[in-house]
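Peer 1: When you line the sequence shown up against our numbering, it's residues 67 to 558, in that order.
There's no promise every hint is true.
[Said to hold, decoys possible] Label-pair ranges, simulated between beta-carbon atoms:
hint : residue 1 : residue 2 : range
1    : E457      : W210      : 20 to 28 angstroms
2    : R502      : D232      : 20 to 28 angstroms
3    : W548      : A317      : 36 to 44 angstroms
Please keep in mind that the hints were generated in silico from the structure rather than gathered at the bench. Here a beta-carbon is modelled for each residue, glycine too, at the ideal position from N, C-alpha and C.
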Amino acid sequence: MFRHTLRAAAAAAALCPTLASAQHHPPVSAQKPSPTPDPGPGDADPMDHRAMDHHALGHAGTTPDASGTSHDHAGMDDMVPALTAPTRWRDASDAALAHAPEGAAMPGMTMGTAAGWYTPGSGTARNPAGEGPMRGAMLHVGDWMLMAHGYAWTMVTDQGGPRGGDGAYVQSMAMIMADNDLTDRVHLQLRGMGSLEPAMGARGYPNLLATGETANGRALVDRQHPHDLFMELAARLDYRLGGDTSLFVYAAPVGEPALGPSAFMHRGSARYLPMSPITHHWFDSTHITYGVLTAGVSAPKVQLEGSWFKGREPDERRWGFDPVRLDSWSVRGTWTPSPYVALQVSHGRLKEPEALHPGEDEDRTTASVQYARAGLATTLAWSRKDRQPGEVLDAFLAEATYELTPRHAVFARVENVANDELFPDHDDSLHDRRFRVTKAEAGYAYRLPIVGPLGVALGGTVAAYAKPAALDAVYGDSPVSWTLFAKFAVGL
Numbered sequence: 067m068f069r070h071t072l073r074a075a076a077a078a079a080a081l082c083p084t085l086a087s088a089q090h091h092p093p094v095s096a097q098k099p100s101p102t103p104d105p106g107p108g109d110a111d112p113m114d115h116r117a118m119d120h121h122a123l124g125h126a127g128t129t130p131d132a133s134g135t136s137h138d139h140a141g142m143d144d145m146v147p148a149l150t151a152p153t154r155w156r157d158a159s160d161a162a163l164a165h166a167p168e169g170a171a172m173p174g175m176t177m178g179t180a181a182g183w184y185t186p187g188s189g190t191a192r193n194p195a196g197e198g199p200m201r202g203a204m205l206h207v208g209d210w211m212l213m214a215h216g217y218a219w220t221m222v223t224d225q226g227g228p229r230g231g232d233g234a235y236v237q238s239m240a241m242i243m244a245d246n247d248l249t250d251r252v253h254l255q256l257r258g259m260g261s262l263e264p265a266m267g268a269r270g271y272p273n274l275l276a277t278g279e280t281a282n283g284r285a286l287v288d289r290q291h292p293h294d295l296f297m298e299l300a301a302r303l304d305y306r307l308g309g310d311t312s313l314f315v316y317a318a319p320v321g322e323p324a325l326g327p328s329a330f331m332h333r334g335s336a337r338y339l340p341m342s343p344i345t346h347h348w349f350d351s352t353h354i355t356y357g358v359l360t361a362g363v364s365a366p367k368v369q370l371e372g373s374w375f376k377g378r379e380p381d382e383r384r385w386g387f388d389p390v391r392l393d394s395w396s397v398r399g400t401w402t403p404s405p406y407v408a409l410q411v412s413h414g415r416l417k418e419p420e421a422l423h424p425g426e427d428e429d430r431t432t433a434s435v436q437y438a439r440a441g442l443a444t445t446l447a448w449s450r451k452d453r454q455p456g457e458v459l460d461a462f463l464a465e466a467t468y469e470l471t472p473r474h475a476v477f478a479r480v481e482n483v484a485n486d487e488l489f490p491d492h493d494d495s496l497h498d499r500r501f502r503v504t505k506a507e508a509g510y511a512y513r514l515p516i517v518g519p520l521g522v523a524l525g526g527t528v529a530a531y532a533k534p535a536a537l538d539a540v541y542g543d544s545p546v547s548w549t550l551f552a553k554f555a556v557g558l
């Protein structure tokens, strides 16, 4: 196991310096303007940029100067403001930045249409504007605005009880986005995301009560599978109809369909939680899907979209690229009634998602609400798997992160799930029995800047579990798990 861990650590070590080198701060006047919206009700008249402060830009170009010095905008008369949201909305993003480490969130991170009204999440999902702009390093290349984000997350864990494993490992992710306004009405975004987690080995890392996917032809139980080398290769094209409303198309040989909330690694509420949720395969198992085509309509407060995608989860050959297929569908509606709240409801039909359950389709329904304000980010979510044929399995999740200061953060997650995959051996007397189990995890992180947007979070978590008495003989009476971590990130 430690041989795989050393391979992962060596590979991940190259990740953060590469991304950090992308940081560049061109003059503001060099930024390419986004299309100017038609004035909406309650919006201010065009502003005099000589008197403008950071609240005047609607696309999260609102990063407060950590030193407290003011910025001279006298030279910005030629810059057209991006799709401008009312002040009360822009203030939410600005307030979130006050709790971010210096240099973590760069101007212009929230890109695309109506960007002042929400923060983009994974795929085409939305997060509350109160989470602040996406954190990372920014670089302008001609007409393109590039953003890089990533992390190498080193961990040591001891999962409790007789079935809990232990070990050291490295999670990793690198992401780059490129944005360009092709015309006054057309905006193009290219996205790429990958991971070096295949270096862990096929069995991933210990995570008590987690299930999903396979290793060496066997079901993974009490472990979290590694993510694929290719996590997203996608293009999104927005066509502005007028005002802040646009039609969009998202196409990806590997990407994320419109199903569920933003994936856990892209939620502010999960920013420092080191373990994947044990409900991962209820809420966001489709975040790496080989074949996605999504179309929808996007407005500041509402987004409606539908996807056609591959239902089968990625295979266990993590370094490769799975065949692309479109055989499943989903629909999602997202409502952002305020800058602090994002609600979504989604439903999909997945064709044979599990490799070990051929002929078994799944109807999945999810609902979630995310709240973010003044350093606090929370998510409440519910999901139902209705197997065809098979059981109906519900899952609930509540998680929160509170960035007390630019240095200190506390966080927690509670999950409750009905799971019938804890005993995959057909000869086991508990095989295919459904058990409702609960995991509660809490922790603390201390954040340190390194250089520019590169920083590290040092912390740890403790987790406890609740389960039926029938599981005591296998899992122990009261297992307790702990994890220590150092998260090196571009955009911590």
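Peer 1: Work down the list of hints and note, for each, if the structure agrees.
Peer 2: Evaluated hints:
In this structure the hint that E457 and W210 lie 20 to 28 angstroms apart at CB is violated, the actual value being about 48 angstroms. Between R502 and D232 the CB atoms are about 26 angstroms apart, so this pair conforms to the stated range of 20 to 28 angstroms. One distance hint, 36 to 44 angstroms for the beta-carbon pair W548 and A317, holds here, with the actual separation near 43 angstroms.
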